[in-house]
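Number of protein chains: 2
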Amino acid sequence: MPIIVVDVMPKPEILDPQGKAINGALPRLGFTEFSQVRQGKRFELSVEGEVTEQILDQARKAAEEMLSNPVIEDVVNVAVIDESETNDEAHA
Amino acid sequence: MPIIVVDVMPKPEILDPQGKAINGALPRLGFTEFSQVRQGKRFELSVEGEVTEQILDQARKAAEEMLSNPVIEDVVNVAVIDESETNDEAHA
Numbered sequence: 000m001p002i003i004v005v006d007v008m009p010k011p012e013i014l015d016p017q018g019k020a021i022n023g024a025l026p027r028l029g030f031t032e033f034s035q036v037r038q039g040k041r042f043e044l045s046v047e048g049e050v051t052e053q054i055l056d057q058a059r060k061a062a063e064e065m066l067s068n069p070v071i072e073d074v075v076n077v078a079v080i081d082e083s084e085t086n087d088e089a090h091a
Numbered sequence: 000m001p002i003i004v005v006d007v008m009p010k011p012e013i014l015d016p017q018g019k020a021i022n023g024a025l026p027r028l029g030f031t032e033f034s035q036v037r038q039g040k041r042f043e044l045s046v047e048g049e050v051t052e053q054i055l056d057q058a059r060k061a062a063e064e065m066l067s068n069p070v071i072e073d074v075v076n077v078a079v080i081d082e083s084e085t086n087d088e089a090h091a
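Protein chains in written order, with numbering that gives the first Met the number 0: chain Y, 0 to 91; chain V, 0 to 91.
Be aware that one or more of the hints could be misleading.
Which copy is meant is left open, because identical chains are indistinguishable; a pair holds if it fits in one copy or across any two.
[Said to hold, decoys possible] Here are the computed lysine to any residue pairs in the SDA-like style, where the Cα-Cα straight-line distance is at most 20 Å: (1) K10 / G48; (2) K19 / M65; (3) K60 / E49; (4) K10 / G29; (5) K60 / P1; (6) K10 / T31; (7) K10 / Q53; (8) K40 / D15; (9) K10 / T51; (10) K60 / P16.
Hints in this document: simulated from the structure, not taken from any laboratory.
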């Protein structure tokens, strides 16, 4: 079953307290490679059957109107993946 | 500046109340194309300079040890993107 992934991130100019907290904790755990961390959301929308251009448009609309808050967040990615792909990644 | 993206999703067998709430709200707003919605997290780790294999390994380690809770979540993706790419997507 195909999945449409929607990625939403806080706008660059918006404070991201969760990301900041992780940023502060990483060096204490030995991770010193990263200069900044920001935390956003990933949504997976399952689609029965084929993902048509029309369904993808609906996903983009849902991303802008419902899955993100346009005042403080950007939709940074809307893309189709295959579910088997996700599972492969998860167990890699 | 390159960014390492880490995607974390609730395990398939774990209840996802946020995803369920969105799933219930979508049809009321006219979005009837999606059979299931799950909500996870997306982290963006900024790296100064080049992303070496060693830095990517550290990101994978941080993803497993700190950015996800292995009891209830899977790390489904760790990948490098270019920051300009994200901005393009955001304004597409």
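### Status of E49 relative to K60 across identical chains (alpha carbons, at most 20 Å)
within (18 Å within a copy, 35 Å between copies)
### Query
For the identical chains here, do K60 and P16 meet the 20 Å Cα criterion within one copy, between copies, both, or neither?
This pair counts as neither: shortest intra-copy Cα distance 28 Å, inter-copy 22 Å.
### Message
Treating 20 Å as the Cα threshold, decide for K10 and G48: within, between, both or neither.
### Response
neither (34 Å within a copy, 23 Å between copies)
### Query
From the Cα coordinates, with 20 Å as the cut-off, is the pair K60 and P1 best called within, between, both, or neither?
Within. Shortest intra-copy distance 18 Å satisfies the 20 Å Cα cut-off; inter-copy 29 Å does not.
### Query
At most 20 Å between C-alpha atoms: does K19 with M65 qualify within a copy, between copies, both, or neither?
between (25 Å within a copy, 14 Å between copies)
### Query
Within a copy, between copies, both or neither: where do K10 and T31 come within 20 Å Cα-Cα?
neither (24 Å within a copy, 29 Å between copies)
### Message
Within, between, both or neither: how does the pair K10, T51 come out at a Cα-Cα threshold of 20 Å?
### Response
neither (29 Å within a copy, 27 Å between copies)
### Query
Taking 20 Å as the upper bound on the Cα-Cα distance, should K10 and Q53 be classified as within, between, both, or neither?
neither (27 Å within a copy, 29 Å between copies)
### Task
At 20 Å max between alpha carbons, let me know whether K40 reaches D15 within a copy, between copies, both or neither.
both (12 Å within a copy, 14 Å between copies)
### Query
Can you tell me if K10 and G29 fall within 20 Å by alpha carbon in one copy, between copies, both or neither?
The answer is neither: 28 Å in one copy and 27 Å across copies each exceed 20 Å.
Of the numbered hints stated above, those contradicted by the structure are hints 1, 4, 6, 7, 9, 10, listed in ascending order.
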